[in-house]
Structure formats: structure tokens, C-alpha cells
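**Q** For the protein sequence lines, the chains are V and D, in the order given.
For the first sequence, the numbering used here begins at 327 and goes up steadily by one.
For the second sequence, the numbering used here begins at 327 and goes up steadily by one.
Check the hints yourself; a few may be wrong.
Identical copies look the same in the list; a pair holds intra-copy or inter-copy alike.
[What the hints assert, rightly or not] Heads up, simulated DSS-like pairs for lysine-lysine below, C-alpha to C-alpha not over 30 Å straight-line: (1) Lys400 - Lys529; (2) Lys539 - Lys506; (3) Lys348 - Lys512; (4) Lys512 - Lys523.
For the record, the hints were derived by calculation from the structure and aren't laboratory data.
There are 2 protein chains.
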Amino acid sequence: MSLLIVGSIGIDDVKTPMESHKNLLGGSASYASMAASFFSPVRLVGVVGEDFPVKYRELFRARGIDLAGLKIIKKGKTFRWSGEYLWDMNQRKTLSIKLNVFERFKPALPREYKATPLVLLGNIAPALQSHVLSQLSQTRFVMADTMDLWIETARSELLGLLRKVDAVCMNDSEARELTKTTSLVKAGQKLLFYGPKFAIIKKGEHGCLLFAKNRFFTAPAYPLEDIHDPTGAGDVFAGSLMGYLASVGEISFEVLRKAVIYGSVMASFNVEAFSLNRLQTLRQPEIEERYNSFKVISHFDDIDF
Amino acid sequence: MSLLIVGSIGIDDVKTPMESHKNLLGGSASYASMAASFFSPVRLVGVVGEDFPVKYRELFRARGIDLAGLKIIKKGKTFRWSGEYLWDMNQRKTLSIKLNVFERFKPALPREYKATPLVLLGNIAPALQSHVLSQLSQTRFVMADTMDLWIETARSELLGLLRKVDAVCMNDSEARELTKTTSLVKAGQKLLFYGPKFAIIKKGEHGCLLFAKNRFFTAPAYPLEDIHDPTGAGDVFAGSLMGYLASVGEISFEVLRKAVIYGSVMASFNVEAFSLNRLQTLRQPEIEERYNSFKVISHFDDIDF
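Work the whole structure out from these sequences, hints included.
**A** Below you can see the structure in the form of C-alpha cells.
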């Protein structure tokens, strides 16, 4: 099945304690789409300026991503972000942000996109996510990502959105902030109370948690020795998770467990190099191999349901 | 097989944002022994003053713990600790500490203890841990726990101890501090480099990591909604892990994986009530039931080694 992904597309400058790179392909929709394309057909919805490098558009094309929903604003400038990671790679600071064409982004879906069965509402303003949702028909499963900015500045719009989606995905600190509780177990349950049938809390180097009514799954993180660039890991996770669901075509807690692991597998690859460089060389057998590693590192006893 | 446990035995005053209790049974050896006793015969080595309540000695006896190694100092006062947990229960501050009889503790093992096959060197000064080690013969497996205090004040003694033990167990922050690295994967490997064949890094609410040469296992944490008192969770974890190993009588990476889960199971029970109250009512079938829950919450696919 097809997967529609909406979110930001940008040009990033990224600095880590070891390296610094400029004019990288970035943005939540870029990371999510490239990752999801390993699993299912992807339809990208986003906006860029005329300055958006042709080579980046070609990267999307090379992975078979449908760009009918990619709007190019004449004389416009592409969204730009610049950030720096501190020495432990768990914390980062935004050095500069220029919304540019993203400031007036109001996604209008191409007609052929409106019946896409699976939809990932990447991290953009909740009002825009709702706007996309309102254009859809026959959609079977929608997952929304979000960030602290919207929890702080658009809380009621975000809660309104959560009533309308099937799943929500956010970081541990964001889940705590939105639900106003310190226990992640309670936070997950409260997210379900807001509306979604599934809630996913990402814990970075500690893996992630999946919640459904009376169901719980805890996914480990892959033990990487070196992380080169954490940018986009959460978006790659969300994109791959949704891509896997689209490839299976059936939504259940059992399928979601595996989807969460595929999300973790892909995120673990993505942080091995800057921007989307690692995904450009990634081959299908490597994905299966690491998926099996996740089984090996977390298995301790035979299970008999 | 029998398990020898050495460590502190104390009287604690514990405060959380919700409750406050005084004169509780505490200390690393108390927690570890009570927990281990659910799996194997335990020999306790420690020191208390004449003020140590008879009811607490009875608690040990009720669980069949051998107290031949428990020294009672006439007119001495028992070690006392007082601490307070902050509202998120992940941080605590020590309000007061009185070493009392513990200040001159120099454990001398009863003759019949010297051939105990498994030994847990609970968190005391590395020099004392080495002193215990020097009295042992025919010991098959020794695990040492430690804490930030010794990393900061007795680093060379601690590194000397690590050359002589089979396994080491510490918190994530302590592992980072000792190995001077931020990556927990690198920290675990560096701990092995110091000497032990196995290294265990406890991550609190995020579970724990087990390292051996070219082997890795990641254990989840149990999703508790309410934590009443985190005191002693790490000691219960270590005691149960060693108790399980003693019950199996065979040391391998496969057995250690399960041991780590039993450690997590017992720690998850212990934090449900103050001091050792939960372990006093705990029944064997509850342990097996929660062990199975750990399988359910972390299983995502069949494994075929």
C-alpha cells in the first residue's frame, strides 16, 4: 500500500564535536520519506524554494518517491536549519532557523493523493497537520509526530489533532511535557486517553515504548559505538515504521511491534553518517541482518503465548 | 549452590514526595540477601550494632539466610542513612549518613564460608571487597558492585579489584565516570578491558545492558505505574541475579541473560513499597508470572539461532 508523508524539507548545516557539514539535505519529510521508501511506495508532500538543489530532488527520485506533492515556490528560498551537537551527542542547540517558503506552507494534496491508505503527519504545526487530514478520504491509518514547540505554543490544536489520528509518536521529554507527568508509563496511557489507539514514546539511546489499550511493548536500542549525526533519527524511525505497516497492509499490535523494530533498525543506520548519506548506500539485506540482531540482543527465553 | 553476600546493613530514614518512613531496614547486603534468598541459600557477611532491631534479624532468619557472618558489635551503633527522593523519583539526595560500626568493619569470614562457590561483593570500599576476596578459596564466580564514591576516592583500588572478579555491576552514570566515556556501549567494553568477563550496566527506568566479549544483551525495564521507594533496587537486582546463577549452578552468557531478567523482576517488585516490605509478602508464583510478562513486553518475532 502507499504511504503519504507530509513534513518539512530543508537545507541543514550540522556541527558535531568531530565534524561540520554545510548544505545538507534535511527536514522531517526528507528523512521519513527516504527511510519509508525501503518498505513501500511513498508520496511526498512538502514545499521548497527555487534554490533547492536538483541533486536532492534526484535523491528522492532515485528511491522512487512520488514528487507530485512537492511544491517549488518560484524565487522562494528553501527552509534552512543550523544546529550543533554537544559532546555527548544527546543534546543539541539550534544555531539558526529560517522558515523561508515554509512560513506560508499550506499543503494542498494532489487529487490522486487523497485516497492514500496510510498517512504520516510529520512534525509541522498541528493546524497544518489537521489541514492535511481534512483533505483525505479512505485513509486507513494516520500517525502524527510532533515536537516541544507545538506543545508549548499550540497545545489545544495539538490535542484537537490527537482526537482524529490513529497513532501518535513523540520523544520522552515531549510526552512528559504534554501529559504533565514524569512516569513514561502513565504518559503513554494518557496519550491514548487523548484519542489515538496507539502511542509511541521514543527514548533515544534507550529505545522506545509502544502503548495500546491494555497492551505494552518495549523496544531496545541498537548498541552503536559511534554516532556521527543524530539529526533526523526520529523522522527515519517514524517513516520506516509507517513504511513497514504499509508493506504489511494490516494494522495490529503484533505488526506494530515489528514496525517499531524496523523503525529502530533504520534510525540506527541513519545516525552512522551525516544527513541521509548512510541511507543512500544501504541495501535491503543489511536491514534484515540488523533486524535479526535486534532479536539476538533482546532474546532471553523462549516464549509460548 | 550457596551464595555469599557481603555489604552494608543499616537503618534508613526515607522520604519521598508522598510518604516518609523512619527506622527502616536498609543497606546493600540486606536488600541483596533478602532478594537472593528467593533463589538459593544465602550466607550474609556484615556488621551491626547492639541497637539492630531483633525483628530485622528475624526477617533474615525467616528467609533462611545464614547469619554466622553477621557480626554484632557490643555497645556499637548500626550504620544509619537518611535520604530524600525528588518528585520524579529518579534523583535523590542524602540527608545524613552515620557510618557508626561500619567505620571499622573489616569482614572476617567464618571458616565454613570460605569455600562458597558464588560471591556478591556488595557496594563497600574496594579495599574491603578485596579483603573478602583474599579469604576465599574454591570460589567459582564473583561479582562486584560499586558506587561513585569509590570511583572518585579509591579509583586505583577499584581497578585492582576489577582485575580479580568475574563480573562487575554498576549504574550508567558510574560506568561513564569510571571509564571516562559517554557512550554506554564503549563504557561496557572498557569495563571488560579492566578484567571481568561480564559487565552489567544498570539504567534504572530504562533497564540494563549485559556485556561479554563479542556478546551483548539489552534487558527492558518493567513498566511500573507507581514507584513508592527506589531505595535498594540496584542491590535487589544484583542479589537476585547472583541468586539465580547459584540456583542454576552454571555460568554462561545464556544463563546470565535470564539472571539479568530475574534481577529486573525482583527490583520491579521491591520498588512497589518502602524498604523490604514488598519482598516480605512476595510469593514464588508472582516471580514467575512477572518473568513471563518480561517476555511478553519485549517479544516481537520468533527467533531461530
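**Q** So, for every hint listed, does it hold in this structure?
**A** Hint by hint, here is what the structure shows:
1. In this assembly of identical chains, the alpha carbons of lysine 400 and lysine 529 never lie at most 30 Å apart, being 40 Å within a copy and 51 Å across copies at closest.
2. Taking the closest pair of Cα atoms, lysine 539 and lysine 506 come within 30 Å of each other only inside a single copy of the chain (20 Å); across copies the shortest separation is 42 Å, beyond that limit.
3. For a Cα distance limit of 30 Å, the shortest separation of lysine 348 from lysine 512 across copies, 29 Å, qualifies, whereas the shortest one inside one copy, 41 Å, does not.
4. With identical chains, the CA atoms of lysine 512 and lysine 523 are at most 30 Å apart within one copy only, with a shortest distance of 15 Å there and 38 Å across copies.
Hint 1 from the earlier list is the only one contradicted by this structure; the remaining hints agree with it.
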